[in-house]
Amino acid sequence: MKRTLGTCYYPEHWPTELWAKDAERMVDAGLTWVRIGEFAWSRLEPTPGDLRFDWLDQAIEVLGKAGLKVVLGTPTATPPRWMADKHPDMFAVDVNGNPRGFGSRRHYCFSNAGYRAESARIVELFAKRYGDNSYVAAWQTDNEYGCHGTTLSYSDAALQAFRKWLREKYQTIDALNLAWGNVFWSMEYNDFDQIGLPNLTVTEPNPAHSLNFRRFSSDQVVSYNRMQAEIIRKYSKAPTSHNYMGRITDFDHFKVGDDLDIATWDSYPLGFLEDRVGASVEKQRAYARQGHPDFQALHHDLYRAVGKGRWWVMEQQPGPVNWAPYNPAPLPGMVRLWSWEAFAHGAEAVCYFRWRQAPMAQEQMHAGLLRPDRADAPAMAEAKQVRDEIAKAPDVAPAQAPVAMIFDYDAEAAWAVQPHGAGLSYFCLFFETYQALRKMGLSIDILRPETRDFSGYKVVLAPGLMHMPEGLKQALTQANSVTVIGPRAAARDGEMTIPTPLPPALPGLDVTVDRVESIRPDTPIAMQGGGAITGYREMLVGGAEVGLVAEDGVPVTMSSGNITYLGAWLDQAGMSRVLTPVIEAAGLTALSLPEGLRLRDTATERFWFNYGTEAVAYDGRQFAPASVTRELLPE
Amino acid sequence: MKRTLGTCYYPEHWPTELWAKDAERMVDAGLTWVRIGEFAWSRLEPTPGDLRFDWLDQAIEVLGKAGLKVVLGTPTATPPRWMADKHPDMFAVDVNGNPRGFGSRRHYCFSNAGYRAESARIVELFAKRYGDNSYVAAWQTDNEYGCHGTTLSYSDAALQAFRKWLREKYQTIDALNLAWGNVFWSMEYNDFDQIGLPNLTVTEPNPAHSLNFRRFSSDQVVSYNRMQAEIIRKYSKAPTSHNYMGRITDFDHFKVGDDLDIATWDSYPLGFLEDRVGASVEKQRAYARQGHPDFQALHHDLYRAVGKGRWWVMEQQPGPVNWAPYNPAPLPGMVRLWSWEAFAHGAEAVCYFRWRQAPMAQEQMHAGLLRPDRADAPAMAEAKQVRDEIAKAPDVAPAQAPVAMIFDYDAEAAWAVQPHGAGLSYFCLFFETYQALRKMGLSIDILRPETRDFSGYKVVLAPGLMHMPEGLKQALTQANSVTVIGPRAAARDGEMTIPTPLPPALPGLDVTVDRVESIRPDTPIAMQGGGAITGYREMLVGGAEVGLVAEDGVPVTMSSGNITYLGAWLDQAGMSRVLTPVIEAAGLTALSLPEGLRLRDTATERFWFNYGTEAVAYDGRQFAPASVTRELLPE
Amino acid sequence: MKRTLGTCYYPEHWPTELWAKDAERMVDAGLTWVRIGEFAWSRLEPTPGDLRFDWLDQAIEVLGKAGLKVVLGTPTATPPRWMADKHPDMFAVDVNGNPRGFGSRRHYCFSNAGYRAESARIVELFAKRYGDNSYVAAWQTDNEYGCHGTTLSYSDAALQAFRKWLREKYQTIDALNLAWGNVFWSMEYNDFDQIGLPNLTVTEPNPAHSLNFRRFSSDQVVSYNRMQAEIIRKYSKAPTSHNYMGRITDFDHFKVGDDLDIATWDSYPLGFLEDRVGASVEKQRAYARQGHPDFQALHHDLYRAVGKGRWWVMEQQPGPVNWAPYNPAPLPGMVRLWSWEAFAHGAEAVCYFRWRQAPMAQEQMHAGLLRPDRADAPAMAEAKQVRDEIAKAPDVAPAQAPVAMIFDYDAEAAWAVQPHGAGLSYFCLFFETYQALRKMGLSIDILRPETRDFSGYKVVLAPGLMHMPEGLKQALTQANSVTVIGPRAAARDGEMTIPTPLPPALPGLDVTVDRVESIRPDTPIAMQGGGAITGYREMLVGGAEVGLVAEDGVPVTMSSGNITYLGAWLDQAGMSRVLTPVIEAAGLTALSLPEGLRLRDTATERFWFNYGTEAVAYDGRQFAPASVTRELLPE
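Chains as they are written, first to last, in UniProt numbering: chain A, 1 to 635; chain B, 1 to 635; chain C, 1 to 635.
Hints should not be assumed to be uniformly reliable.
Partial chain A-side listing against chain B, Cβ under 7 Å, derived [stated by the list, open to error]:
(1) Arg-81
(2) Trp-82
(3) Ser-134
Distance condition first, Cα-Cα at most 16 Å in a straight line; then the derived EDC-like pairs of lysine to aspartate or glutamate [said to hold, decoys possible]:
(4) B/Lys-86 with C/Glu-230
(5) A/Lys-283 with B/Asp-522
(6) C/Lys-86 with A/Asp-193
Listing some non-contacts, in silico: residues in chain B with all C-beta distances to chain A over 12 Å [to be verified]:
(7) Lys-21
(8) Gly-131
(9) Leu-331
(10) Glu-389
(11) Gln-418
(12) Ala-475
(13) Asp-493
(14) Glu-495
(15) Asp-522
(16) Gln-572
(17) Ser-576
(18) Leu-633
To be clear, the hints were calculated from the coordinates, so they are not data collected in a lab. C-beta atoms are modelled at their ideal positions from N, C-alpha and C, and glycine is treated no differently.
Let the hints inform the model, and build the full structure from the sequences given.
In structure tokens:
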């Protein structure tokens, strides 16, 4: 499959007369895909039942005839104002109990039955009308589930649905009380209808309560999306997709992905830098115009897994955005670099958001490929350069990576409920491990937690998996790979209870976590020989072989055969000391790439990316700032 | 007109027997004015309709007979508790939807019709009773509109009034949808009654929605004040005034001022330093006991414009206040210095707040001219020194300044709605420009945005005017002055939309903003030759002459003839590099005053103010710390 | 009386079969006391009226028979879920007006009559059933009053009770208006039923309003506890107690203590370090695994006073807790050190919280003496060491300390209502004074503000007593001790009004506070000769002898005979300059202990505690890190 480019377009924002010219310029820019429709409900149904699909018919026709393939988005992320009159209880409710009002987007609650029925109705209207339209080559459900903190809703609809969900899960209230340990603090319920949502409590609620609410909320997203996907499939053979976001982790993307054909995501390397990446201020400064060198890569690998191999970038930042704390322009070359980083990770398509900067409303400061006055914006030249490079490059050629990491949305939820130390999160632990591997020049596959077959992987890492079902423990410890598990692995059973025997209780590895501690960021614990523990550590005891040791003599790693248990959150120097011997034991090479330089291999190519603002030399090669270098791998 | 002094007095706080002695001491202290009445409603009408004006009659009589002129304040800023029983919906509502309760002050909502009628009633009672009282020499409406964040109210009354205001402005809902660009995110309304207030939305509301709400809210203040002013005028020939605050900018003071004869303001140089001035921590430390050297001056110039030339300081801080994060005592000499800074800017009167420190309630830690035990407080001696100095000094003699800056409350609103970068505000941009000019020793006039005639000004500056009507563009670019416009000038049309041709689209100046960016405070962009861009910049293209240039080659200024466009927010060094040649091109001298030293010219005098804690020498003169030096200008 | 150890146990969390083994292990560990019952309501009354006390009978029997003494806690801190159905209005309401929901603990409002009746009912059930049970050797009422910010409730029940309380206090609304100074800002009420709670006002409410609400709220805790204590006394001769917390100061513990026999408190040296101690970041880092060297000591002394000499540590942290921002493990030796610090201050018992770490619910990460899998946790060995040391040590032998400090909960409330400078609090002022004394090697008694007889004390200190009744002024100034009063002493009368003559108006000391100021933390005022003023100072005038003086010449201390008035908040160097001559004038020795080393004397012993992570030498002795050294005092 050839690598392709695309863009996001809003025909409803522009005069009809402009559409043909826009389509022509898109084709000229080498674009294949154009996504439309996902925010257009008020123009398709201005008042309840008054359907006006003619303009959309025409837009699809104009774009399709010009040679573009349409990705059609269902418009459910932006219910029109009249919907609130029909369903006054449709609004999501925030953690303080305030309904989240009309006037922006994503204001609906996933649990509201009325809005779910309206969603089904509009999706069916779309699917029926365009299901066999040859120009509609793919579908998108809704837009950016979970964005703006919209997964968790504390509405009455959510409360009723949560009680139902709990009743189905636990069958009896005694079973729930037992599972949650509600005897603690006399929190026992007599009936499911006594259960509330875990907000506004005097001090923290039961972590089992909170975790179940997060699992329920995730399931609501999954079932809402499945409803849309199933309707579309009834009428269309075109693949379905959803555009996920960067570091929105409060629903299980793997489960949503199971109901779709392609995973896409919206990549805003500069937009995400301040608030999502979790990087130090120094990194934020150093990469202010380039984005973090590993943040996009991680998401590429993650969504490749969510898409079961098929994935796109649906929205690629082409210039300054409007919504970050600071909105700088990318360094010249970065739009091209970001595009190629995606292709190097196996993307089938990279679509720029958006075609033309809108002069009005919330995103009027969001750059596009065109300026508001229709002139080319700076990104256009880079997009055209990518177009030309793609033409000469090989097809998408994914290859299994040598290193695998397990990512578990449920672990993220468990850590969020109980970080144990301020600022600790599963995502950050995972990301820091990922960074350490990227700096060693390794290509990485991300695996879902249901994985039991690790064949083909030389190294497997499972940091922070608070809940590890027995099957996963067995599969991991019996894999042929060199395996690193922990910290905080298997620290809880599926009900958020500390199991006995104490964690991690891994087959064949005599290690027990005697106790754990979290520590101030300014009191790291040095390790003998270099590196340091930051944030969190476990006191490991047992008969397994002691590896690295902290200055106070407490083991940091213990291992047996191919399996290493890591009992601490380490800084990058410490991470390198743990991972380098692991990588080498697996027969791989651990490079030590200079700051800002990264690489990624496909089956046939090696890509070098210099995220730095200065040229760097490495291994006899020279890399210009903000540059991409492509080499063919020896066969 | 002679410069005069005054104070604020609360006869209702003290035994009747004390009034005559207080009046005598006021006269002895050289005071002309005494403001009373503005918080006394509960003593004038203890229960609905039970009017008790006798004591106020007596107080005015006692004060007037002693030789003082009374400024009578209407008591509407503190409706009594019984008002809440009559009008339970009278409370302003905060952004979270909570009514702002009784128990302090300014709890009313400007949109509440019931309270507006009560206000009209009490004002009419005042005006009828004292309209021809010869001791009542001036009026004050209400007290400190907008203080404590009370301009914006999210009440139901505000909602209904906002819908009415929008209906009058746009006539049809289609016109509103088009003007706001509501097609974006399907935000279109079918009826004005569907429009809500722009709070509690999921992510930011439409900036046009927010800006209109701010304009509406400003208009509510204007019409509320007009109601009071018109009633007073029916019965009295004495001038009307209102006491504005420092950096309360969320209603249009020029429009309020149009309905009044005199502008006054409440100057708390130390009270404002931490939270209002926007100065660096270093400046806050350096001027902890003196106040920022330019903050008062800016407001003096601003309110001189608001008062169409006639202005006072109605409340001058005479010692520590009670309400700032930290409440230090002023350096000895500062009460005198502040008084003279006001006179140097043309004040007709400076009144100290308050006469005697109250031993009870919220302001019990607020210093007065007297201690709570009636002894002189430290400020008294400085007030008497000013009294003696005034006696020997010339009359108020305003002169047109050589430099003018346009200040636009609507631009402040537009920036507040859309700062584009964290921490950016119109006021701060304006203030930093003002500071740069003050450091050059220049006296400044502030002009309202409706100004079209700039004759007499050698230099005109218009930073940050997001909306510039065509008439203003024409007038500015055709003025005889040397003119600096930008950054962010004319970036939006009156509906908060990016216009085409792209900004700034100034007649006779071929400059276009290709795109803009906001940047982290810790990543300034150096300019070639010195100075730096901080916070915000525009990529300028076009045929005009390039002036200053950033290190990456992007123009910072471009000009044509007398008109310079400035496309960035600069630090003080950068500002100086832009302004020095402008000042000199206009035939003025750009001094380089030492830190803390400032000057201000009237028609006949030059005042030097040393805000520093150390003596400084300049141009052969010596200036003691916290000192004022007055020189007569050569005729 | 022998020093004893104990623990907190939750039989309802564990299988019945485990109880006997647990009891045996407790006895083996040398424990005397076991506290049970305080969170068990849902197991004792699973549905309204369905009483199930059998298991508790059995647990007491098992524990008692094994030789343990039971402390029985009333379960009122955790009303079960069904209580909310019976009394939907029982919830405390937060400052924003949100009811504090079910799902954790302490969700009840002290003012709710329905819940108070339910509390009386369950306490009576307890007292009747176990009042003459010989194993029940002590009682605890409720658990940690005030924890999680639960003293202040803004409920309707609180509002009605507050009005009643005010009516009883003031009798007429005119008296209240006069006392509060409500003429200010027209805040006068016509009726007690118009008075609201002091939350959600536009700007700060009247400080008299706030202070009265705090006094009322404190009284509600007192009367609620008295209700419980009186019921227990009807049926039992065993002593009553309550477990107070660290730095919960928003109710008057002295008054609660008046209704109980023993004061206990819950000591979490690491848990409190970040958010409660108020220490600098440097101290937080230095003592991250040891706790602040003086924070526990202060509370030991305070609760010894609250318990009228009889006091325990009811919950002693034995390892990492779960609820602090960071939860590190204690340095080896600290559990022993903390235990001995308590005994050195006269504790009768130290009980470790908790016996076994719970695998479930909110405190699953809270260490116990046992791990969740029943193995010994690290603290067990230190507890056993203390057991052995106690066996050989003398009995509890309290002695009057040479130095006394007056602690006043009402002063804490007054400062909280009106700190005057950001970050200033009475507790911190008191604590800094206490630290200065501890560093001099002094043992301290804390006295309640009703104290009038200071005989036996060589030095008495009264910092920050905003309200000083005449009797206290008389007693303090006529005591035989060397006495230090201030800053902010007698600054208000009992109604929060500034008195005339101005403060401090101490008999026999000609000092007047001319005015006060608060200052930025980064602008300390140096004193002549060393030390500095931070945060707050008073301008002292008068005829008394000037002692220390600030660099600007303002007196810092003034004195007459034995009485010194201190007019500033000083840093530790400044505090030492004030206190050293005072201590020496009283015939005591002011040591200068090295950082981290502290001592405490009983009647017969001297204890040395090294809180440092390094060994220190002092006065010819060597002290290992985290060590306790006991010496017998010469007779």
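We went through each hint and held it up to the structure:
{"no.": "1", "hint": "Arg-81", "result": "holds (5 Å)"}
{"no.": "2", "hint": "Trp-82", "result": "holds (6 Å)"}
{"no.": "3", "hint": "Ser-134", "result": "violated (27 Å)"}
{"no.": "4", "hint": "B/Lys-86 with C/Glu-230", "result": "violated (46 Å)"}
{"no.": "5", "hint": "A/Lys-283 with B/Asp-522", "result": "holds (12 Å)"}
{"no.": "6", "hint": "C/Lys-86 with A/Asp-193", "result": "holds (15 Å)"}
{"no.": "7", "hint": "Lys-21", "result": "holds (54 Å)"}
{"no.": "8", "hint": "Gly-131", "result": "holds (47 Å)"}
{"no.": "9", "hint": "Leu-331", "result": "holds (36 Å)"}
{"no.": "10", "hint": "Glu-389", "result": "holds (49 Å)"}
{"no.": "11", "hint": "Gln-418", "result": "violated (7 Å)"}
{"no.": "12", "hint": "Ala-475", "result": "holds (25 Å)"}
{"no.": "13", "hint": "Asp-493", "result": "violated (9 Å)"}
{"no.": "14", "hint": "Glu-495", "result": "violated (8 Å)"}
{"no.": "15", "hint": "Asp-522", "result": "violated (6 Å)"}
{"no.": "16", "hint": "Gln-572", "result": "holds (21 Å)"}
{"no.": "17", "hint": "Ser-576", "result": "holds (25 Å)"}
{"no.": "18", "hint": "Leu-633", "result": "holds (47 Å)"}
The structure is inconsistent with the numbered hints 3, 4, 11, 13, 14, 15, although it conforms to all the rest.
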